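Visitor: One letter stands for each residue in the lines below.
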Amino acid sequence: MSGMGRVLLKVIILGDSGVGKTSLMNQYVNKRFSNQYKATIGADFLTKEVMVDDRLVTMQLWDTAGQERFQSLGVAFYRGADCCVLVYDVNSAKSFETLDSWRDEFLIQASPHDPENFPFVVLGNKIDVEENKRQVTQKRAMTWCQSKGNIPYFETSAKEAINVEQAFQTVAKNALQQEQEESLSDIPVVDLNPPSNKSLSDSCNC
Amino acid sequence: MNSKKARRQYLNSIHNTIDRDWTPFRAVEKRFKARFPPLDLSDVLDLALVDDSSTPSSPKGCINNLAYRKLQSDVSAYTLVDRHQGLVILPGFISPALQRGLIKWTLSEHARPPNDTNLDTHYIIPEEGLWSLYQQERSGKSSEMVQPRIIGSEDEILREQPGPRQLINNTPASPETFQEISVAPKPPVAPSTTAQPALPSTLVPKLRWANIGWSYHWGSKQYDFAKGKGTIDPTLANICHRAVQAVDWSQIYSDDDGLDWGENGPEWRSWRDSYEPDAGIVNFYQLRDTLMAHVDRSEVCATSPLVSISLGHAAIFLIGDSTRDTKPDAILLRSGDVVIMSGPVCRRAYHGVPRIIEDSLPPHLVEGDDEWKEYMSTTRINVNVRQVFPKGFRFEAVRSSSFGGLSTLSSDSMVEIKRTPEPSSPTSVEDAKHRLVYTKSKVYVNPTAYARDNVPGFIAIVKREAVNPTYLLAWLPEQLVNEKGAAEWDKFTKIEESTILEEEDEDVVFIDPPTQRPESYAFSVPLTSIYSLIVHPPTLSSWYGSVGINLINGDTLPTLHFHDDESRSFTLPSPPAPKRRSAVTSYPPPPSASPPATSPHPNNSWGGDHLLARLRSYAHILRSTLQPSLFLVDPSRADIEAHSTQLFADDAVDDILAQSSFVNSHSPIPAHRRPRPLSSPGIGLSPNPYSHRSSVLHRSLASPTSNAQSSSQARTALLQSFSNITRATRHAAQNILSHPLAKPIIPHLPDPVRSLVNANGEWSSWVDKSGVGEFESARVYLARWARIVAEEGERARRREAQTLPSTSAGVAEESSSLGVFELLHSTANLPTPKASRDPQHPIDEKTWASWFGKDGRPTVSFEHAKREIFRRGIDSSATLRQRIWPFILGVLDWESTDAERTAKWEAKRQIYQTTKDEWCGVPEVFERQDIQEERHRIDVDCRRTDRNQPLFATPDSTPSHDGPEWDEKERAKRYSVISPGLSDIGAQSPTNEHIDRLAGILLTYNFYEKELGYVQGMSDMCAPIYVVMAADEELTFWCFVEFMDRMKQNFLRDQSGMKKQLLTLQQLIEVMDPELYRHLEKTDGLNLFFCFRWVLIAFKREFPFEDVLRLWEVLWTDYYSNGFVLFVALAVLESHRDVILRYLVEFDEILKYCNELSMTIELDSTLAQAEVLFLSFSQIVADIDRRHAENLQAVAPTNNLRRRGSRGGTDIALNIPPLSENLRDLLKAGRE
Ligand SMILES: Nc1nc2c(ncn2[C@@H]2O[C@H](COP(=O)(O)OP(=O)(O)OP(=O)(O)O)[C@@H](O)[C@H]2O)c(=O)[nH]1
Ligand SMILES: [Mg+2]
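These protein sequence lines are chains F and Y, in that order. 221 is the number that the numbering used here gives the last residue of the first sequence; the numbers go up by one with no jumps. 1255 is the number that the numbering used here gives the last residue of the second sequence; the numbers go up by one with no jumps.
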């Protein structure tokens, strides 16, 4: 099982349309930025291998459409997620204000075992844009993150590749932790209930 | 050359002979080459001087001291007595007409890309070929220069005067040179740096050779990627086959002649079947060119026949022995002569062509004014074809070591040649005698699903007697034979009874020429026109075996059903096994322990086996390892390769992956995701030897046990074949194969695929460009790779199909894009639906104009118009779309006059303006919170939509003023810019006038259709309309309204519409392809999210812009179904279903795979498939309804007799699923 083999981490990227989800993902995986990514329709993912504490893990980054009405279809994608990345545009207050509902929606649909401790990472994107256009201050964002159980917060630019690597490294780390906790919590179910009447070979159905 | 010079050379040569001690071969060469003294033919063998008719009984003779022997053969064939064992000359074997055809072919079809020629090294020969350019130049149409590969710098050109001349004029002058050109592995010759642009007319005479088949440039990788192996033109291959088969080799060789045949023993015995040309070269000789003594050493197969065809001027051919120390014999070769060099002696003999003889053209090459006439007045052409590999040679072993990556196939076409009368004998087809060599009765054609309509008849192999006999495969309905009288009928009975005996020992029975009678399903086709047979032996559930016949041109003949229980040949006592069989059936070895058809009827033998066994005597029949029910007839080299390679059997790929250290160290594939084993349930139990092997791409169709429903079998057959059809761009293939993950697989790939791999060092750049991440599911890679294999195969088949004109009058001549599909469908009971699409002839200005009368009222019905547009699409050159789309979308009424339309349009314009005015220039609306949000959404999307379209590409041309702030405000005034906050601008890609207009239209739609709001995807749907309507706001708006009318449901807030669409598609898959359905069920894929984007915006993102336009106008006709888009989706899925079934076992893998199909789907074949799928679907619905109806009435118990009559059809009725309303709705067409 996952113990010794390679780990596949499933990461979901959410946020309003146009905040730069697709751009961030492509910057991280392909080291490229284009201001002509099309609006994401449906869903897609990219994968990337990363080292986390000497372990090679594969991150599967899921990118979905930003418009709310498509989220009802997202259940299939959310399931089994190890980490959720919430993205907003620092130049758009609206996109920040919707973070709450993105987070709630995710928790409802993905229904992780332990919602309180499920790892999120928040990214305030497009910090390369002129300062005078900024609508959400760093302080405001960090306050919100703290209030939600100390969510790690990064200010990024997909365009200038600022902080992208660091942000996703944290995503990977937290996702791996989550993954391991999940699999740990599975172990007792198998080990602690040895069937009394059955032979060992019968019970082994891994 | 003046005679003085010649004389001097002659004297020199005499002198040199003494001085330099020439070899005897060289001496003779020199003698013939010399221009002085004049050519002396006194010791040259000229077989044209032999009077055939006068010496029928004395087959030996002697001309000019050379003893020759005439072989017993249908054609005139000679060999030399006691010399050059294995050399056979067939004087005049090629008919004058065929000579002319071949000349045309070598020049206009063969000596052009992708086939390599000597000129390619130095010049960039355009796709259409040098010959075509030359013709254009001659006709004065164009005088395009051919560009050299390297444009030399000025001073270089100045220094090296004559430019290309010395480089191009490189006639092989020694064996070494010849080898270099044609044989040995070598780095590519560096392009000349001094070559200058040249007129085609100056290059044409410099053409020296053009490669056939296997590319000779094995060693050089870069070269292989670009060039590689070509197919052997089927007509050429056929000529070679005929030549080799015309010789009775037992008159040349015998068992005790002491020849060393190597490992394989005296293979001459099997040449008739095993000879398979796969390489060669066309040499173009100008009058003064020579080919010096050499030996062709490079063929792996050192003994198999080399067939050499002479065209144009006559030449002197010298042949010696294994050294140059023996004096060679000289033979005169004229246009149309064929020389075969075969066996261990002759193939290793030095030979050469020291002299082309002036003024030796035959009359048929001088008369007329063919485009090649002038060129041929100084030319001899030699087409020279070899077999590089012995039959059954394991390509894999060789490939990995020496072949690097051989690649793409040529697209030779021999249409011209084929059109010339094929038999080279003077007898016309009508006069020729037709000899019945094999027949079998009670072979049925089933025109409908109903047994009562079945037509009994005879299958027959007929030999059209001629110098070069043609073998025909024919089917004659009993009625037709009956009409001809008892005598004719008796002939068939007689031959059928004696069918077990060898043809030679039999009384010769001539019959009337079998005819094409489409209305009675009768057909008669030359074996050479058959591409493949699909053979389904009888099974437990399918009472009778069947054989489907697929022609090279893509047509399919009616499937033949063998009712052996009624057939005479099966009611007769068992005859002795025929002599020849075992040798013939051995390639490739059949999967079952006892090969089928080794004797006429062991227990499980059936009529189709007999037919196959007989056909093997006249053609090379290759059973595909990819699809065991597929038998290829005289397959091309490419096909042989593709179909004898065990692509996926033995889980080769899985093994590779498992063994690869790359994968072991950090396999991205969890154990449960590794490729599935191939065995499919039920097959092991099957008594049917044909169904043992099933491959990934083409799973055997005959897995009858579980699927008792014949209609479901029909569907399976129908669907599985799709996998062969789609094509991806080469680019996509390269991306996949260049991924590091693909590396361990590469050495095991079939050549055509492997050639797509980029040169070393380019891996990463490709990966980068393609946007593929560092890691990708190995399975997705495998899947895409498998798809490309299939597509390559299909491409090759189609290319081949183009090389022959339709030979069957029975089937409408249309280039079917469905290929195998049709065939497979026709093996089922349902009649084959055909696609009606004809995208090659789009509606043009003229057609469109012809549909309207004076006052602008249409003269044709709307139905007609829609059908035509559905079938043909709209010509995209003019502004036609702009005028036609409003009609098909319903913006303009069809049944109206110009005046009426103008009036109505005026009203619509008004509505648009009024609606727009609700927000435009009304700040209290425009700046409202909800509208602001809407504007933001629209703006963000429009800036990301179709920016590569010229209209949307350029940033705003507004002259920039003092700063961005001012600029934005200024623009806001001018275009009522939609962008809500200036803050957004900096982060987005810049807008322009058209993007703003587009946004305005979408915002107006928001006011027109209040429920929906702007939804992502709408900009994608509106932008193409805007482009087609040439930025006309009102037209765009109204067309968009109508488009949205069809699409609205996809965008509903609760997504109920999309859910319904995907559910309908799911149900459609369940009916049409239960296996795929079950697979999706297992993989959690039934939600069909991977089709979400396809359906939501009608494939906007899956095709290039121009294709999107063509697709949409087809969809908008609502011609067959309002939900036609779902059939398009189904068609795409079906094209990939085998790959999906085999490789993709997780939902995310399927999603990735489908997303990446984008821009690789071929539109026209997909639409054709969608049409056939729709037609099949409606057939199935009708069938189900009929069965339901019958079920209600049916009280009569089924008995065996009836069961037989209806081919096991009665058990079908039991389990018919009810059809959902959604599915029934798919049959609705046309808007209310
Ligand atoms: N200046 C700047 N622009 C950015 C940045 N990231 C994204 N953009 C631009 O913002 C626009 C939207 O980016 P996308 O990545 O397509 O946004 P998205 O979140 O994927 O949007 P949806 O797919 O519609 O949900 C594009 O025009 C990008 O060029 C950034 O860091 N800086
Ligand atoms: Mg996106």
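For the record, the hints were derived by calculation from the structure and aren't laboratory data. Hints are supplied without guarantee of correctness; some may be wrong.
Once the Cα atoms are required to be at most 20 Å apart in a straight line, the calculated EDC-like pairs of lysine to aspartate or glutamate come out as [said to hold, decoys possible]: (1) 1083/Y to 83/F; (2) 109/F to 957/Y; (3) 1033/Y to 1016/Y; (4) 109/F to 1169/Y; (5) 63/F to 1169/Y.
Just so you have them, the derived chain F footprint on chain Y, three or more residues with Cβ under 8 Å [what the hints assert, rightly or not]: (6) 95-106; (7) 288-299; (8) 483-493; (9) 1037-1043.
Some, not all, of what chain Y presents toward chain F, calculated at C-beta under 8 Å [as the list claims (entries may be wrong)]: (10) 910; (11) 1069; (12) 1071; (13) 1072.
Since this is a predicted model, take the numbers as computed values, not measurements. Where a beta carbon is used, it is the ideal one built from N, C-alpha and C, also for glycine.
Visitor: Which numbered hints turn out to be false for this structure?
Guide: Numbers 3, 4, 6, 7, 8, 10, 11, 12 and 13 - these are the hints that the structure violates, sorted from lowest upward.
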